[in-house]
Structures are given as C-alpha cells and as structure tokens.
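Working from the sequences, and respecting the hints, build out all of it.
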Amino acid sequence: MIATRSRNISVSEASRPLLPRHARLKFDETRQRWVILAPERVLAPDEIAVEVLQLCDGVRSVEAMIDQLAQKYTAERSAIATDVIAMLQDLADKGFLAEARERTP
Amino acid sequence: MLSELAEIGVLQIHFSGGEPTARKDLVELVRHASDVGLYSNLITSAVLLTKERLGALAEAGLCHVQISFQGNEPIVADRVAGFKGAHAKKLEVARWTRELDLPLTVNAVMHRQNLFQLPDIIQMAVDLDADRLEVANVQYYGWALKNRAALMPTFEQIEETSRIVEEAQTRLKGILAIDYVVPDYYALRPKKCMGGWGRQFFNISPSGKILPCHAAETITGLEFLSVRGDHSIAWIWQHSEAFNRYRGTGWMAEPCKSCEFREIDFGGCRCQAFALSGDAGNTDPACTLSPLHEQIFQQAATEAAAGNNRFIYRNFAGGTPETGSDHGA
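Which chain is which? The protein sequence lines are A and B, in order.
Just add 52 to wherever you are in the first sequence, counting from 1, and you've got the working numbering.
Just add 72 to wherever you are in the second sequence, counting from 1, and you've got the working numbering.
Hints should not be assumed to be uniformly reliable.
[To be verified] Only pairs whose alpha carbons sit at most 16 Å apart, straight line, appear in this in silico EDC-like list of lysine to aspartate or glutamate: (1) A:K146 <-> B:D251; (2) A:K78 <-> B:D251; (3) A:K146 <-> B:E79; (4) A:K78 <-> B:E206; (5) B:K245 <-> A:D145.
[To be verified] Residues of chain A clear of chain B, computed beta-carbon distances all greater than 12 Å: (6) I61; (7) A66; (8) E99.
None of these hints come from the bench; they were simulated from the model.
C-beta: ideal position from N, C-alpha, C; glycine also.
Here it is as structure tokens:
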C-alpha cells in the first residue's frame with residue numbers, strides 16, 4: 053500500500069503519480085478504446101495519455117517517464133516534458149490523480 | 073441484469089432512487105457490479121446508512137458516494153427533507169465516506185430559500201474533504217413545478233450565486249471541484265438534458281422500466297418497456313419507440329430544426345418541454361428561441377419576487393400546503 057495524497061498536487065519531474073482508487077483506466081471492449089472511469093463521468097484519453105497513465109504506478113517518477121518516452125519516440129525531451137506535466141496537472145486539478153507521498157526523513 | 077449491462081457496453085452504474093440504501097441487497101448488487109467491471113456510484117440521502125453498511129459497500133467495490141444536502145443550516149435543511157436530524161446524519165455519513173477513502177460528492181440542491189447559504193455549503197464541502205460539489209438547481213417538473221413559487225430564485229440571487237461559485241472555483245482549484253449549472257429559467261440556451269435523449273444514459277425505474285431519464289414517465293403518451301418483458305435491454309435502447317421518438321434531431325420542429333445549436337443541446341429537456349408547453353416535441357422553453365420563453369421567464373421572475381415561501385408537501389391526496397404563516401428565509 054502506497055501512502056498517497058490527492059489534494060493540491062503540483063506535478064513536477066520529482067512527482068510519483070498514480071491513479072486514485074476512484075479513477076480507473078480501462079479498455080472498453082464495446083467501443084474498442086481506452087477510457088478513464090471517474091465519479092459520474094467517463095474521460096476519453098488519447099493514445100499518448102494512455103501510455104503515460106500506464107506508467108503511473110506511484111513508484112516511477114515523472115522524470116523517469118519522460119526519459120522513457122523521449123527515448124522511445126526519439127523526441128525532444130523538453131517537448132515531451134511539457135506535454136506530460138501539463139496532461140498530468142490537468143488530471144490532478146480535476147481530482148483524478150494522486151501522488152505517492154515523499155518519505156519524511 | 074448487471075451482467076447484461078456490462079456485456080452490452082455500459083460503463084457506469086448509479087444506484088439511485090428513491091433511496092437505494094433501502095434495498096436490503098445493495099451490498100450484493102454493488103459486489104456483482106464490481107465483478108462484471110461496472111463503475112458504481114451511490115446516490116443517496118444518507119439517512120439510512122450505518123457505518124458498518126458503508127464499510128461493507130466499500131469492501132464490495134463501491135467507487136463513489138454522492139450525498140444530497142438541502143442546505144447547511146439544520147432547521148431549513150430538515151424542513152425541506154421532512155426528516156428531523158437528517159442534516160447531522162448526512163454529515164456523519166460524509167465523514168465515514170472519507171475515512172474509508174471513498175471519493176465524495178456533495179450534492180446541494182439549491183432554491184430561493186437556501187441560496188443564501190451557498191458560501192457555507194462550499195465551506196462545508198471543504199471541511200468534509202469532499203472531492204466535488206455539485207450545485208444543482210431544482211428542476212421544475214413534477215413536484216417542484218407545483219412548488220415553483222416557493223423555490224424559484226430571483227435574478228439577483230442567480231447573479232450573486234454565479235459570482236460566489238466562480239470565486240470559489242479559482243480559490244479551491246485542486247482541492248474541491250465545483251460543478252454549477254444556472255437554473256434553466258435564467259439560462260439563454262437549454263441544457264443538453266441527459267446528454268440528449270437516448271444518447272448516453274438510461275434509467276431503470278424501480279418497477280423495471282427502461283427510461284431515457286428518471287422523469288420521462290411524466291410525459292404521457294409514451295410507452296416504456298420493462299426489463300421483465302420480451303426484449304433485451306440492448307433492443308429496448310436501440311429499437312423501442314420511446315427511445316427513438318426524440319433521439320437525434322429528426323423529430324425536431326422549428327425553431328430547433330434549423331437551429332445551429334441543435335446538436336449541442338438537442339432541444340433541451342423533453343420533460344420540461346412537456347410540463348410547460350404540453351408537447352414533449354416542442355423546444356424546451358428554457359431556450360430563448362422558444363416562443364414560450366418570454367412568458368415563462370416573466371412568470372418565474374414574478375413568482376420569485378412575490379416571495380411566497382410556503383411549501384406544498386407530497387402526499388396521496390395531491391399535496392397539502394405547509395400550515396402556519398410563511399417561513400422567512
């Protein structure tokens with residue numbers, strides 16, 4: 053069990069995000085696409101968002117995700133970083149993202 | 073039936089009512105919904121829930137709890153709910169919900185007599201650690217239409233409400249999401265009711281009828297089929313006369329038919345069109361393009377300004393006005 057917080061999240065490269073219990077990434081067999089199920093709503097993430105969300109496990113940092121995606125798509129790291137952080141921040145502002153708490157020393 | 077729903081592509085289920093917690097088998101229903109992959113929302117007045125039962129629902133895989141509040145002042149709230157001590161009980165259940173780490177939506181049904189409490193309700197939602205606040209306005213069909221004179225907010229209240237909500241949305245970004253819809257009577261465009269008739273949602277009534285929305289039975293002359301009949305749920309959704317009557321844009325008359333917004337709002341709410349114009353095929357009078365809009369807007373504003381705060385309570389004799397002098401708000 054990972055200790056998490058889900059309020060007032062500011063996504064940075066150090067964040068280790070994960071989907072909270074109430075936001076579920078699911079493949080919808082009927083419509084043949086990925087969806088995020090959230091309280092009384094269904095979000096339709098694009099392919100890149102799905103790939104990012106699949107990496108959100110509360111262990112991996114945003115920094116590591118960006119590195120991985122930049123390598124895979126041989127793209128400019130800064131461009132990927134901007135997109136990934138903006139996408140995650142948007143989800144966080146809507147209340148559909150949690151992050152693993154920093155361990156207190 | 074829950075398995076059938078999942079198979080035909082339903083993604084979410086709302087256990088609503090009436091009052092879903094009155095069902096003895098609710099925990100089993102939620103567990104089955106989880107087993108077949110349905111995302112489950114509990115829409116409740118909360119007054120019947122115990123801590124043990126809520127814990128059992130969470131354990132069964134319940135995904136989200138929405139509790140309806142009638143204001144943040146016990147006296148007014150209990151008068152509207154008609155249940156002494158209801159408000160304190162709701163607060164208690166809301167706290168248990170968050171203790172169980174379930175997401176919480178506070179649904180506040182607002183009207184003229186409790187709108188002044190909105191800042192307190194927003195603070196209450198923050199104090200309860202709610203995820204989302206739905207500021208809903210009373211919808212004026214069925215019972216609320218009979219009580220419209222006592223419930224309709226004034227134009228000044230609406231302006232003040234919008235200002236309060238916008239300020240709170242900015243201040244509470246990332247802490248509390250606030251959804252707010254301007255009451256129909258004061259809007260320029262009607263709501264895309266239910267996301268459009270037969271497009272995104274259906275409702276199964278306590279008697280088993282499949283409805284395009286929970287209020288659809290207020291429209292006379294439509295036949296709604298039951299899950300207990302000869303047809304599958306998928307068939308009823310796709311082929312039944314009632315679902316196809318107002319689906320899409322083909323049924324529309326003017327001013328909807330040639331309107332550039334016809335696929336944005338789908339003509340508004342069929343139930344409201346029926347309640348106010350007598351024909352569910354008319355444009356929802358909430359729309360400024362409806363020929364009835366001006367008259368109904370005037371009437372609503374007049375009623376609101378007249379300030380009759382007495383409620384008519386629901387009973388089998390057709391409604392009894394509240395006794396005693398008018399309550400000030």
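Verification of the hints:
1. A:K146 <-> B:D251: Cα-Cα ~11 Å, so holds.
2. A:K78 <-> B:D251: violated, 25 Å
3. A:K146 <-> B:E79: violated, 29 Å
4. A:K78 <-> B:E206: violated, 26 Å
5. B:K245 <-> A:D145: holds, 6 Å
6. I61: violated, 6 Å
7. A66: holds, 17 Å
8. E99: Holds: least Cβ distance 19 Å, greater than 12 Å.
In summary, the numbered hints that this structure violates are 2, 3, 4, 6.
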